[in-house]
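**Q** Residue numbers (our numbering), protein chains in the order written: chain A, 165 to 514; chain B, 165 to 514; chain C, 165 to 514; chain D, 165 to 514.
Heads up, a few of these hints could be off.
Just so you know, same-sequence chains aren't split out, so a pair can sit in one copy or run between any two.
Here are the simulated DSS-like cross-link-like pairs (lysine-lysine), alpha carbons at most 25 Å apart as the crow flies [as the list claims (entries may be wrong)]:
(1) Lys360 <-> Lys399
(2) Lys198 <-> Lys245
(3) Lys413 <-> Lys399
(4) Lys443 <-> Lys303
(5) Lys167 <-> Lys204
(6) Lys462 <-> Lys398
It is worth saying that the hints were derived from the structure and are not from the lab. Bear in mind that the values here come from a model prediction, so they are computed numbers and not experimental data.
Protein chains: 4
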Amino acid sequence: MIKIGVIGCGYWGPNIVRNFNAADGAQVVAVCDKNRDVLKRIGKDNPGVHLCIDCSELVNSSSIDAVAIVTPVSTHYQLAKSALENGKHVFVEKPFTATSLQALDLIEIAEREKLKIMVDHTFLFTGAVRLIRQLIAEKKLGEIYYYDSVRVNLGLFQHDVNVVWDLAPHDFSIMRYLIKEKPVALSAWGCSHINKMEDIAYVTVHFPNRKIAHFSVNWMSPVKVRTTLIGGEKKMLVWNDVNADEKIKIYDRGVEAQSAQGIYDLLVSYRSGDMWAPKVEQTEALRLECQHFVDCIKNDSLPLNNGYMGLEVVQMLEACDASIKNEGRMISIENLLAVDQPSFPMDFEL
Amino acid sequence: MIKIGVIGCGYWGPNIVRNFNAADGAQVVAVCDKNRDVLKRIGKDNPGVHLCIDCSELVNSSSIDAVAIVTPVSTHYQLAKSALENGKHVFVEKPFTATSLQALDLIEIAEREKLKIMVDHTFLFTGAVRLIRQLIAEKKLGEIYYYDSVRVNLGLFQHDVNVVWDLAPHDFSIMRYLIKEKPVALSAWGCSHINKMEDIAYVTVHFPNRKIAHFSVNWMSPVKVRTTLIGGEKKMLVWNDVNADEKIKIYDRGVEAQSAQGIYDLLVSYRSGDMWAPKVEQTEALRLECQHFVDCIKNDSLPLNNGYMGLEVVQMLEACDASIKNEGRMISIENLLAVDQPSFPMDFEL
Amino acid sequence: MIKIGVIGCGYWGPNIVRNFNAADGAQVVAVCDKNRDVLKRIGKDNPGVHLCIDCSELVNSSSIDAVAIVTPVSTHYQLAKSALENGKHVFVEKPFTATSLQALDLIEIAEREKLKIMVDHTFLFTGAVRLIRQLIAEKKLGEIYYYDSVRVNLGLFQHDVNVVWDLAPHDFSIMRYLIKEKPVALSAWGCSHINKMEDIAYVTVHFPNRKIAHFSVNWMSPVKVRTTLIGGEKKMLVWNDVNADEKIKIYDRGVEAQSAQGIYDLLVSYRSGDMWAPKVEQTEALRLECQHFVDCIKNDSLPLNNGYMGLEVVQMLEACDASIKNEGRMISIENLLAVDQPSFPMDFEL
Amino acid sequence: MIKIGVIGCGYWGPNIVRNFNAADGAQVVAVCDKNRDVLKRIGKDNPGVHLCIDCSELVNSSSIDAVAIVTPVSTHYQLAKSALENGKHVFVEKPFTATSLQALDLIEIAEREKLKIMVDHTFLFTGAVRLIRQLIAEKKLGEIYYYDSVRVNLGLFQHDVNVVWDLAPHDFSIMRYLIKEKPVALSAWGCSHINKMEDIAYVTVHFPNRKIAHFSVNWMSPVKVRTTLIGGEKKMLVWNDVNADEKIKIYDRGVEAQSAQGIYDLLVSYRSGDMWAPKVEQTEALRLECQHFVDCIKNDSLPLNNGYMGLEVVQMLEACDASIKNEGRMISIENLLAVDQPSFPMDFEL
């Protein structure tokens with residue numbers, strides 16, 4: 165039985181507690197939070213769990229095997245470092261760390277201590293992302309032309325990070341998981357309205373061979389939009405994550421050069437072929453992810469969403485910041501990612 | 165009675181014929197097209213209309229007062245120039261011309277000859293755009309923070325222009341009509357997949373005072389999306405042009421700094437206030453626009469969508485091309501627009 | 165060339181004029197309407213057409229081959245009778261007549277005079293209905309269990325008929341076209357709020373073998389709904405006619421008895437299989453229907469939507485009225501339909 | 165602290181456990197289920213709870229104050245009777261009982277023993293229903309004309325009840341809560357396809373003064389629909405419960421007699437006024453309901469959803485069965501509801 169301590173139990177933490185408790189072979193034995201009301205509520209729902217205000221108590225405990233760090237990103241490095249140095253595996257919220265140097269340091273410690281790091285890129289475990297990956301792997305879409313994501317909502321300005329660090333980690337991790345080629349450069353443009361943090365940003369990611377990705381992230385939208393278009397040579401796909409029933413729609417052709425008459429038909433028709441909405445597995449993604457963490461510890465295997473993947477995402481976020489500061493200048497990310505690492509496992513199957 | 169000749173009657177032309185015929189004080193007396201089948205069809209629906217293959221016949225006719233040019237953009241300049249030099253008012257498809265120099269030349273000829281130029285920026289005459297303009301004028305939204313448009317569909321690669329020149333004229337003209345401030349710079353990024361023309365592009369437009377606009381234009385999308393978000397200090401607006409019933413939705417607040425508890429509430433709630441979908445006037449925009457052209461001729465008044473507006477749009481399109489060629493470098497458009505001109509009339513009311 | 169006269173040119177009439185003009189081998193030569201403004205507008209769009217106020221002028225004209233009657237239902241019988249007796253083919257709006265006796269009389273005259281009657285059940289010519297019919301014919305849905313239609317909107321109380329006679333002819337004609345078995349009984353319930361005409365009604369149609377149909381028709385709905393569910397043994401189909409892009413969705417299974425675990429899965433999942441939205445042909449239905457009328461005259465063939473089909477629909481509408489007057493009592497329609505007639509051609513293919 | 169035992173922990177039970185645990189002043193102390201796996205899972209999530217297979221253990225326990233019965237309807241009467249006779253308050257799933265006589269008997273015992281009965285009509289506690297009730301109370305909609313509900317999905321044939329007893333209790337309880345007038349009669353029609361239980365049914369409820377309600381309930385629909393139209397003299401309302409973001413839409417007018425020109429406008433426009441989507445409170449309804457039960461016990465007050473309301477619903481369900489057996493004959497429900505009872509409190513406010 166892997167004994168887990170959870171640090172930080174505000175918005176997302178209770179989900180972590182619930183899902184680690186549901187995982188086979190794991191149990192949450194301690195929860196730490198600075199807010200006594202939060203602890204009280206956790207205690208009512210989880211009678212046997214040890215509650216504490218001081219997280220060092222949890223990090224030093226000899227009866228804990230792994231720590232889940234569900235706190236603001238500025239605290240990740242110190243908490244994760246302490247945990248690893250005390251022999252604990254680490255599950256940490258995205259983004260992994262506030263800088264890539266911190267991420268590299270944590271990876272090094274974990275490797276030295278033979279401990280696991282998992283960064284909570286939950287989306288990789290959703291039925292939707294897993295299905296898209298499978299469709300791409302089976303060449304159903306053909307050569308990928310573009311990945312275009314709109315991820316906007318009324319946002320949260322109390323974060324210690326801007327909208328890119330808040331929302332784009334989802335897009336970067338999903339993009340990396342779906343598209344085999346490594347990106348070579350990116351440019352980003354951001355704007356702030358309420359305080360100094362950017363609350364709207366646009367990111368363009370460049371791949372070799374005309375492939376591109378574009379993310380629109382926005383904390384100032386009245387509606388929640390989570391729509392990703394993926395255009396392929398053979399078919400095109402729309403992933404609408406706020407649609408409970410038809411998350412993924414696949415359109416049975418892309419664009420081809422048309423005869424003059426064809427032009428006319430296309431213009432008056434919204435689409436030119438059938439659409440197919442495959443059933444999407446609805447198991448809670450966080451449940452699968454927590455189980456994967458537990459299994460990786462038990463089997464001594466590398467998590468899909470390991471420290472290297474977390475590092476890559478942080479490196480791309482840093483590149484975004486650099487581009488934003490330079491009026492959208494294109495920043496090479498070829499070298500940034502060229503650290504001596506095993507890339508995260510693309511052939512992973514849950 | 166203003167007698168109108170229409171040059172080009174393929175996809176859009178029949179709508180022009182129908183709406184000029186429906187306009188008070190106007191009649192289509194001649195139609196020119198290179199395709200005999202097209203002419204035949206037009207002739208069946210419009211028994212008395214003169215049909216011709218050679219457009220010079222129409223341009224030189226002494227019985228025609230105005231010419232509507234509904235042909236590819238590369239032909240606009242020569243056709244419009246001939247028409248103006250033969251004393252005819254000109255209604256011309258967007259974009260106005262292939263270069264801003266051509267546009268300047270046409271404006272000069274028209275002013276010298278005391279003729280009208282109208283560029284077919286149809287969207288300005290839609291109930292939706294007119295309503296949004298009124299809402300902004302009445303300060304219902306407060307200070308505007310951003311204008312974000314997604315305009316994507318399965319597109320048409322036979323055009324002589326790229327996706328920016330095809331789709332962004334809508335966004336540039338609407339943006340200029342809605343936002344009083346002049347834009348100061350823009351950057352654009354584009355990519356081509358099928359032929360050499362860019363088929364996907366992203367444009368960012370910069371205003372003074374943190375105001376921004378962003379356009380996503382794409383010919384490779386399996387679904388038709390026409391969604392514009394306009395974020396204001398007081399309220400936010402979503403204009404979904406493919407929604408017949410609820411084109412415009414206004415959300416009754418923007419974003420404010422939140423208490424910790426507020427964060428939690430926002431996160432679990434998709435929006436934090438009421439929504440209001442005002443009735444949108446459904447009169448066909450092209451009908452209003454054609455009537456406006458006829459009225460401007462009769463009353464010798466400046467059209468809303470006059471040559472200067474067409475020029476501005478072409479200048480911004482040229483800036484996009486320059487930015488795309490320079491990896492998204494920011495291009496100043498302050499000077500470009502600083503020709504000695506009356507800006508198009510912002511106080512226009514239909 | 166079949167020369168066509170159109171009687172009644174208010175709301176729907178201009179579409180009839182336009183589509184008969186577009187049909188190969190036909191031309192609208194005369195239009196009659198009591199409203200001089202209507203005639204004026206028609207005249208502007210159709211320069212050569214003869215305009216008249218008195219429809220007897222049109223019915224008696226020797227230069228007209230066929231008459232399209234686009235007037236209130238109470239006038240259909242007299243107009244159609246005069247037209248047939250003057251040797252003219254008749255195209256008539258739905259519902260065919262105000263009583264089944266009238267319909268029988270017109271059928272008899274037409275057969276005697278060897279003239280065609282076509283009742284304007286436009287929906288049968290839509291891409292959606294034709295596709296559904298094909299899917300059923302190909303046994304894609306399996307045995308049909310039910311047909312459930314909701315057809316509601318803000319309605320029109322000036323009609324001389326109630327909501328059943330206004331909206332249910334669509335459902336009756338589509339149902340008869342799609343389902344091979346003859347219905348045996350129906351019950352209906354209606355309610356009036358604004359004047360004496362029923363403005364809300366519910367109709368249940370009974371077939372042998374557990375097959376049923378249900379129509380909800382309502383003039384008092386704030387939203388326009390045009391949704392039909394068709395449940396089959398193998399698959400289920402949803403036809404949403406106000407969805408421009410995905411009119412027809414086919415779900416890849418129906419309901420089967422489930423194990424206990426299966427129950428749980430069904431409850432937490434909105435659907436249990438893939439969905440498929442085939443491309444729907446978008447040619448204007450009225451255009452195909454007008455062409456079909458012209459072709460039937462030229463080829464002396466029986467129209468799909470002939471007088472017998474019109475009669476059947478009127479008989480079912482009469483049965484609805486009878487049931488409504490008797491608190492929803494079930495009314496047999498087996499005998500009603502048993503007149504000596506060729507049933508309308510189920511094997512028709514456009 | 166009210167100590168609660170829960171009987172039946174399959175699909176819905178865990179939600180009951182969670183929400184009673186979250187309620188102030190209550191705690192779940194025992195859970196009973198016949199399935200050992202279910203008990204095991206409950207035990208893992210709720211360490212201190214007593215688990216048992218035999219529900220008599222729970223019913224007889226002196227340390228339990230109230231019992232929540234979350235079992236098939238056929239078992240409700242015996243379980244509730246035992247619980248009441250052992251001095252326990254009863255919270256019971258809808259429908260209350262399998263017959264109205266059983267319901268009357270339980271009400272009598274509870275009154276004699278001064279115990280509370282609450283029937284789990286959860287929908288009454290949703291933000292949507294509470295908001296609609298408030299809008300009606302404030303006369304925002306004007307006189308109500310009709311209530312039309314479509315409640316369909318892929319259903320569950322293992323129940324011991326038909327689709328009316330499964331789904332219509334929601335509609336009956338909501339209808340009774342929203343509409344002050346008592347219904348006088350109802351008719352129902354049902355059909356079975358998979359086994360002997362009706363899987364599709366239509367219910368029409370008659371009120372004095374032209375007011376009507378209609379429910380369409382269906383276990384054979386490929387899509388989940390939960391749409392209720394409420395038409396009023398002044399405004400009309402659409403409640404779409406599967407729309408997370410805009411559950412309730414209010415349209416700012418009903419239907420009025422129109423001039424001829426008005427007809428035309430209505431026909432070409434989907435709606436004739438603004439729409440307003442008020443923010444809907446998102447607190448979990450079951451949480452409010454569980455708290456209400458606990459508060460009623462502590463304050464000795466009558467629950468909103470008390471036994472009489474449960475009785476009324478059962479009586480209307482019995483009337484449906486009677487009508488279905490008689491080919492849709494109208495069944496009076498005036499006398500059925502005329503038992504000597506306090507009607508459930510219409511002036512209730514949470």
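**Q** Report the numbers of all earlier hints that the structure fails to satisfy, in ascending order.
**A** 6
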